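Undergrad: Protein chains in written order, with my numbering: chain A, 1 to 232; chain B, 1 to 470.
Honestly, I wouldn't trust all of these hints.
With a cut-off of at most 35 Å between alpha-carbon atoms, the simulated DSBU-like pairs for lysine-lysine come out as follows [what the hints assert, rightly or not]:
(1) B/Lys95 with A/Lys185
(2) A/Lys172 with B/Lys470
(3) B/Lys227 with A/Lys186
(4) A/Lys48 with B/Lys250
(5) B/Lys232 with B/Lys322
(6) B/Lys342 with A/Lys48
(7) B/Lys336 with A/Lys185
(8) B/Lys230 with A/Lys232
(9) B/Lys437 with A/Lys185
(10) B/Lys321 with A/Lys48
(11) A/Lys78 with B/Lys283
(12) B/Lys227 with A/Lys226
(13) A/Lys185 with B/Lys329
(14) A/Lys77 with B/Lys283
(15) A/Lys213 with B/Lys58
(16) A/Lys71 with B/Lys280
(17) B/Lys232 with A/Lys232
(18) A/Lys213 with B/Lys157
(19) A/Lys186 with B/Lys283
(20) B/Lys437 with A/Lys186
(21) A/Lys185 with B/Lys321
(22) A/Lys43 with B/Lys283
(23) A/Lys226 with B/Lys280
(24) B/Lys342 with A/Lys93
(25) B/Lys426 with A/Lys185
(26) B/Lys456 with B/Lys329
(27) B/Lys283 with A/Lys53
(28) B/Lys280 with A/Lys186
(29) B/Lys43 with A/Lys172
(30) A/Lys77 with A/Lys98
Quick caveat, the hints were computed from the structure, so don't treat them as lab data. Quantities reported herein were computed from a predicted structural model and do not represent experimental measurements.
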Amino acid sequence: MKRPMITLLFSLILMGSAIGVSVFVSAITPNTLEVGSYSWGAKGEEVKQIQTKLKQWGYYEGNVDGSYGYKTWEAIKKFQQKNGLKADGIAGKQTLEKLGIQPKRQEVSNNNTDANRDIYLLSAAIHGESRGEPYVGQVAVGAVVLNRVRHASFPNSIAGVVYQPGAFDAVKDGQINLNPDETAKKAARDALNGWDPTNGAIYYWNPSTATSKWIWSVPITSRIGKHVFGKK
Amino acid sequence: MSNEKKKDNRLLRLKQRLSEVRMYSIVVVALLVVGGFGVYQYKQKLNYKQYLENQFQKSFYDMTSYVNTVDNLLTKASLARRSSQSAPVFARLWKEASSAQENMGQIPYQHSTVDQALKFLSQVSDFSFAMSQKTMDGADLDKEDWEKVEHIQKYAKSLANQLNQVQAEVHQGNRINWKKIQNYGAKAMENTPVLGSMTQVNQELQDIPALIYDGPFSEHIQQMEPKLTKGKPRLSREQAQEKAANFIGKDRIASIEFLEQTDTKTQYTIPVYRFGVQLKDQKEPTLMLDITQEGGYPLWMLQYGERPSSEQELSLEEGRKKAEEFLKKNQYPNMKASYYEKTDGTLVVNFAPVEKGVVLYPDLIKVKVAMDDGEIIGFESLGYIMMHHPRELTSPSLTKEEARAFITEDFQVEKANITVIPLESKREVLCYEFKGKYKEQDFIIYINGETGKMEKILQVVQTPNSVLTK
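Isolated chain A (complex conformation):
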């Protein structure tokens, strides 16, 4: 009588934890907002537009600073309640429509797709590898990717370098798929425009987590934030 009880309990716990783990994993796996909707933490021109409208109609009292913070969130919720929308604080398609803002369509102009593709991929790599680093450190990570593209010992395209097996931890663990923030995009643009705070580095590593001894044989060109940059 007791044994089966224990077995049952045990298997229930096992099952529960298996489900729990998978739920947990899916919860920490980045969940991106729908394209064209804005929520807490969003930044940019569109947020400025939203704030301007909200302010005009008296829902919002903060600054029109293009940064979606608590006040904007509260204002959006108030606005949604008044207009019979789901008051979730996320400015999605319907909310934007009611605000009279044209949802920004992804501009696919033939002319700039090359540049946009480069900026997006590079900013995703920067975001995955170095968010939380000082701004110049983020530009530096972008510069290393571009220095590799120009270097004979590495693949000769941005995608080739970023997705080279084993080259970047953020690619290995999937953080490259996070939506890059505005800072990463700015850093990517600066790097593509030629700013190189690493002085020509093709490697970087974090001294407190680097496991390969080999990396310390690489001459150092620069140190920014948590990263050390070097070139052979």
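Fit chain B to the supplied structure of chain A, relying on the hints for placement.
TA: Only chain B this time, still in chain A's reference frame:
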């Protein structure tokens, strides 16, 4: 009474047994579910693993076959002695070597195991392109070129042989353990034949003498010295700090701090002092810049502080003027603005110096302007520091009309200049620059002032916010 009790007992026991049976079945079902879940996950993992290994295997097969073709083509190339014969061979070599490099880059080797091999293949591809260009221009390869071909061929043969050996081992049933290849570097691999041979090739290739030719992966590019600063007197840290403060403007600075200086052991970098600056209107340091140790020139500067929002926005013309004024103030005279791009309230303008009416595009400087109040928030002058030097500018031997005749008549010239442009190999050529329209689209065409060769064609991409080229 006892009868009733017995009945009660029996009932209880039956109940118990029932519940036990039910319990067992629940346990069994639960175990089956968990077990099934596990088996499913495991099978899925195997599937993914197999898929990945197949991709690696494919890259390995392709790479081996491309390298063999490279070896084979190089032998054929050395048989030909006239440009018309070797041109198609070099064109194919260019493609095959590039494919070999691409496939090698997709195999999960540790980078230090294959970096020399990757470099070798990049250079073979690039060199072949330079040779095919040369033959297309009608020139024959000279003795030195043929020596290089022979030289490359020797190493290509060795690389092909090693890879073939690995392939043969695979065919004998020694499967490549990709997991191991990924996890162990150059050290722990003597007992893995595949890796062992790869390390050997890589080491062999390390001894290859520098390959110098007219292409972007040529060895001379990595070894270039900054023409502007090389040999100029070396500044002390204090002197450099003074230069930095003057460059930013002393009246704007709250505090300036020395951050680091380039380790002199690091080869082929521009030695610099780095400073962090806190501006008066900022709460923390938000500006960084490098000053070259030799000569004391600013190499780059970035100001990345949060900007208060502002309704005001400069026009492109005003933004460009701000950038021009800044350059003038910092003793960069006669700079001409060319391309620009405005994004997120900032404008980046490219500048090139003009000397005796000739635009010197290699000596590039970029200035970044904040479009709210015109503050200069970025400066980048790697091109200028690497390439700016006194040039002997002679006038081109072709006249403007003669050069124009090398372009189709349908191209409507709107503007012509004499310029120096850098090729991908950083070689400089004196060119006529023709700006104009072809089929409603804007182009810039560069015609070599000596030979009439079309060195570069750029398509101008004009939007309300930018003028760029592709």
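Undergrad: Does lysine 157 of chain B lie within 35 Å of lysine 213 of chain A when you go C-alpha to C-alpha?
TA: Judged against 35 Å, a Cα distance of about 33 Å means the pair holds.
Undergrad: Hinted pair, alpha-carbon criterion (35 Å max): lysine 227 of chain B, lysine 186 of chain A. Please report holds or violated.
TA: 31 Å, holds
Undergrad: Between lysine 342 of chain B and lysine 48 of chain A, is the straight-line Cα distance small enough, at 35 Å or below?
TA: Satisfied, since the Cα-Cα distance of roughly 18 Å is no more than 35 Å.
Undergrad: Hey, lysine 43 of chain A versus lysine 283 of chain B, does the alpha-carbon distance stay inside 35 Å?
TA: 21 Å, holds
Undergrad: With the threshold set at 35 Å, check whether the alpha-carbon distance from lysine 336 of chain B to lysine 185 of chain A stays at or below it.
TA: 28 Å, holds
Undergrad: Hey, lysine 172 of chain A versus lysine 470 of chain B, does the alpha-carbon distance stay inside 35 Å?
TA: 33 Å, holds
Undergrad: Does lysine 280 of chain B sit within 35 Å of lysine 226 of chain A, going by the straight-line distance between their CA atoms?
TA: 27 Å, holds
Undergrad: Regarding the pair lysine 43 of chain B and lysine 172 of chain A, is the alpha-carbon distance no greater than 35 Å?
TA: Cα-Cα ~21 Å, so holds.
Undergrad: Need the status of pair lysine 77 of chain A, lysine 98 of chain A: alpha-carbon distance at most 35 Å?
TA: 13 Å, holds
Undergrad: With the threshold set at 35 Å, check whether the alpha-carbon distance from lysine 342 of chain B to lysine 93 of chain A stays at or below it.
TA: 28 Å, holds
Undergrad: Holds or violated: are the alpha carbons of lysine 283 of chain B and lysine 53 of chain A at most 35 Å from each other?
TA: 30 Å, holds
Undergrad: Taking only the CA atoms, is the gap from lysine 48 of chain A to lysine 250 of chain B under or equal to 35 Å?
TA: 34 Å, holds
Checked against the numbered hints above, the structure breaks none of them.
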